[in-house]
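Student: Using the sequences and the accompanying hints, generate a full structural model.
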Amino acid sequence: MKATMGTTYHTLLAHLNRINRTLEDLRVQSATGKKINKPSDDPSAIRPMLHARTQIKSSDRFIRTMDSGLDQINSMDGHLSHMNDVLVRLKEISIASINDSLDSQNRLTYAEEVKQLRQEMYDSANAQLDGKYLFSGFQVHTKPFVDNPAYDPVLDPRPVLYNGDSGEFNLEIGPSERAKINLTGNELLMGDADFDGVTDPGAVDIFAVMASVEQALRNNDPAAVSAQLDNVETGLEQIRSNQSLMGNAGRRLETAKDRMEQTNIQMQTILSRYEDVDLVETITNMTQQETALQAALSVTGRLSQLSILNYV
Numbered sequence: 001m002k003a004t005m006g007t008t009y010h011t012l013l014a015h016l017n018r019i020n021r022t023l024e025d026l027r028v029q030s031a032t033g034k035k036i037n038k039p040s041d042d043p044s045a046i047r048p049m050l051h052a053r054t055q056i057k058s059s060d061r062f063i064r065t066m067d068s069g070l071d072q073i074n075s076m077d078g079h080l081s082h083m084n085d086v087l088v089r090l091k092e093i094s095i096a097s098i099n100d101s102l103d104s105q106n107r108l109t110y111a112e113e114v115k116q117l118r119q120e121m122y123d124s125a126n127a128q129l130d131g132k133y134l135f136s137g138f139q140v141h142t143k144p145f146v147d148n149p150a151y152d153p154v155l156d157p158r159p160v161l162y163n164g165d166s167g168e169f170n171l172e173i174g175p176s177e178r179a180k181i182n183l184t185g186n187e188l189l190m191g192d193a194d195f196d197g198v199t200d201p202g203a204v205d206i207f208a209v210m211a212s213v214e215q216a217l218r219n220n221d222p223a224a225v226s227a228q229l230d231n232v233e234t235g236l237e238q239i240r241s242n243q244s245l246m247g248n249a250g251r252r253l254e255t256a257k258d259r260m261e262q263t264n265i266q267m268q269t270i271l272s273r274y275e276d277v278d279l280v281e282t283i284t285n286m287t288q289q290e291t292a293l294q295a296a297l298s299v300t301g302r303l304s305q306l307s308i309l310n311y312v
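Each residue of the sequence shown is one higher than the one before, starting from 1 at the first, in this note's numbering.
Keep in mind the hints are simulated off the structure, nothing from the lab. What you are looking at is a predicted structure, and each value in this text was computed from that prediction instead of being measured. One or more of the hints may lead you astray.
Claimed, not checked - No more than 25 Å apart at the CA atoms, straight line, and that leaves these computed lysine-lysine pairs for DSS-like:
{"no.": "1", "residue 1": "Lys132", "residue 2": "Lys143"}
{"no.": "2", "residue 1": "Lys180", "residue 2": "Lys143"}
{"no.": "3", "residue 1": "Lys132", "residue 2": "Lys180"}
Tutor: Structure (structure tokens):
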């Protein structure tokens, strides 16, 4: 079959276009660092790439959520530790004050210290993080503990009232996996886990216990102070057991976060395998294509000089 000049020109033009397209793709890959910049570059890779990206976004969301939860748990742990220290000091004062060698002035001095301890407990109970109260349940913008205007040691022995609710924050830490990350003030400090307004058996209203110790000291009544020692110890156990629960929750969040970070790394590796280019190989291929283009242009230029007029 005879090849005409028109056929030759069309063949060379198609070859030049093909080289240019390949060179353009290689330039885009070297500039972006991605070997897949549009679905047509590798249709079979799109599905696993989209799956990996979805998993990465999901794990990032869980990690951010768990970081927020850990911030709250760590903040609560600090306040719970302070509450524990306050009650330990209250216990020390109670034991020291029942010594018969002390007089009313000594006990009045202790009473003033207990008054300060009550204020410290009150401040920790109303602690906030990012403008939200830690121990008020779902009522995060409501101050959980307020002074009881009707307080009376006999008629209404509640020096402090709880204004929050019994809401529990269950943080999503994975698909179909949740963890409780808060403590409600009614359970922690009022000893009312079922939120019925009555202190549960085996629990105490810590504010009421502290108020009773202070009043007994002011009355110079060591027997009344001694009668509160078991309640002080119960209050200590109440704080410690709840702190232990939050410690377990924090450990669970840290474990879940580590697992989610590993999943994120695995998905990033999978995505990189499909998407990222070998830059050295890409630049080498690009150089080869540029050389091929120069050669094709040279051949095309010489072919265009072929004319019968050159031989006239």
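Student: Now, for every hint given, state plainly whether the structure supports it.
Tutor: Structure-based check of all given hints:
| no. | hint | in the structure |
| --- | --- | --- |
| 1 | Lys132 <-> Lys143 | 9 Å, holds |
| 2 | Lys180 <-> Lys143 | 21 Å, holds |
| 3 | Lys132 <-> Lys180 | 17 Å, holds |
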